[in-house]
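Novice: Residue-level listing of the chains:
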Amino acid sequence: MKIDERILELLYRSFDDDLSGAELAELETALAASEDLRKQKEEIASMRKTVSESGAEGFGYMFTERVMRRIEAERAGAMERAGATKSAASAKVTGRPDAVKEAAPSLFDSLSRAFRPVAMAGAVAVLALMVYNIVDNREVSFSAALGVPETTLEETLDSPLASVLEELS
Amino acid sequence: MRDVLEQTDQHLIAAAREGDDGAFEQIVRRYEPVVAATVIGMLGHSAEAEDVGQETFIRLYRSLDQFRGEASLKTYITRIAMNLSLNELKRRKRTRERISGTPVDEFHNLEARGERAESRDTREMVHQAIGQLEDKFRAVIVLRLIDGYSTDETSKMLEIPVGTVLSRLARAQAKLKEVLINEERG
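The listed protein sequences derive, respectively, from chains U and Y.
Once you know that position 148 of the first sequence is 147 in numbering that gives the first Met the number 0, the rest is easy, because the numbers rise by one and skip nothing.
Once you know that position 3 of the second sequence is 2 in numbering that gives the first Met the number 0, the rest is easy, because the numbers rise by one and skip nothing.
Hint data in this document are derived by calculation from the structure and do not stem from the laboratory.
Since the model is a prediction, treat every value here as computed from it, not as a measurement.
Using N, Cα and C, we set each Cβ at its ideal position, and we do this for glycine too.
Just to be clear, a hint being listed does not mean it is correct.
Said to hold, decoys possible - Which bits of chain Y does chain U cover? Going by a derived footprint, with three or more residues having C-beta under 8 Å, they are: (1) 44 to 51; (2) 80 to 89; (3) 146 to 152.
The whole structure should be built from the sequences, with the hints applied where relevant.
Specialist: Written as structure tokens, this is what we have:
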């Protein structure tokens with residue numbers, strides 16, 4: 000026999016909610032009249048008991064230790080990222096959970112870290128160029144290193160145009 | 000008894016905030032079964048379940064300063080565990096859809112993967128039956144029937160009306176009953 004949808008809904012609700020007086024009376028009348036409905040009620044109760052007893056009791060051996068190791072690793076990583084900043088020092092000293100957040104790198108720290116290799120490569124390139132200039136000019140001086148030859152005022156004034164004028168006169 | 004327990008939780012939280020790792024370790028030991036019931040109820044026994052379990056406690060650790068004690072620590076932790084589990088289910092669904100190229104049905108039949116009911120104990124059978132429910136139905140079953148929260152607490156935790164909790168519970172139970180009875184007859 001097909002059970003009325005509304006009665007079935009009341010039956011399910013009766014396990015989780017307080018039915019009103021009228022609803023309870025309606026359900027009880029239906030239960031008294033229907034063997035199928037009583038069977039349904041038993042099945043629902045049995046199913047709920049089985050489900051409620053099925054909760055897992057844990058994640059397995061050494062779960063807590065694994066969590067604590069992750070926390071330590073996270074804290075150490077945060078301190079490493081922050082380098083010698085005040086927050087990191089605080090994190091190291093106190094080991095407080097908020098130190099992990101405090102030790103998070105700022106935008107400036109991130110940028111300076113990102114540009115450090117570029118700056119190093121640039122310095123090495125400039126140094127190499129200065130050595131090359133010194134070797135090329137066969138002279139050890141600052142101007143030679145910069146590749147700027149020393150020129151006297153006389154040499155500057157002694158331009159090709161001056162030579163031509165001198166010859167004409 | 001409950002007051003003493005709550006007081007102890009508060010004490011442990013205060014100590015953990017001050018950097019006492021031993022206090023936080025006690026919190027993890029105390030609430031591992033609570034988190035496991037929620038996460039394994041939602042995700043089944045899997046490597047991801049343990050990852051989500053660990054992540055739950057990491058999130059708790061990071062947010063110790065924000066815990067004001069308005070809800071019990073158990074409720075606070077369960078809420079984190081439930082949110083992370085729902086995120087993991089979404090991630091799984093996206094992965095399955097990417098692989099198959101089609102939207103995934105709301106119920107995925109584990110029997111079709113060739114797992115036999117006879118070889119599983121009741122607990123595993125229930126978890127697999129719950130695994131066949133759509134995420135939103137699974138969440139109410141886990142919170143209400145496994146974790147034992149009231150319909151009101153379940154509604155607050157999932158941020159849905161009590162009426163929705165009740166209707167989802169009814170639908171989920173009808174489906175579960177059908178699956179479990181079939182498994183038993185199976």
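Novice: Take the hints in turn and mark each one as holding or not.
Specialist: Here's how the hints hold up against the structure:
With 3 residues carrying a beta carbon less than 8 Å from a beta carbon of chain U, the segment 44 to 51 of chain Y meets the three-residue requirement, and the given coverage holds. Under the rule that three or more residues need a Cβ within less than 8 Å of chain U, the assignment of the segment 80 to 89 of chain Y is violated, with 0 such residues. As drawn, the segment 146 to 152 of chain Y meets chain U at 3 residues by the rule of a beta-carbon pair under 8 Å; at three or more, the given contact holds.
Figure legend: structure checked against the earlier numbered hints; the only hint not met is number 2.
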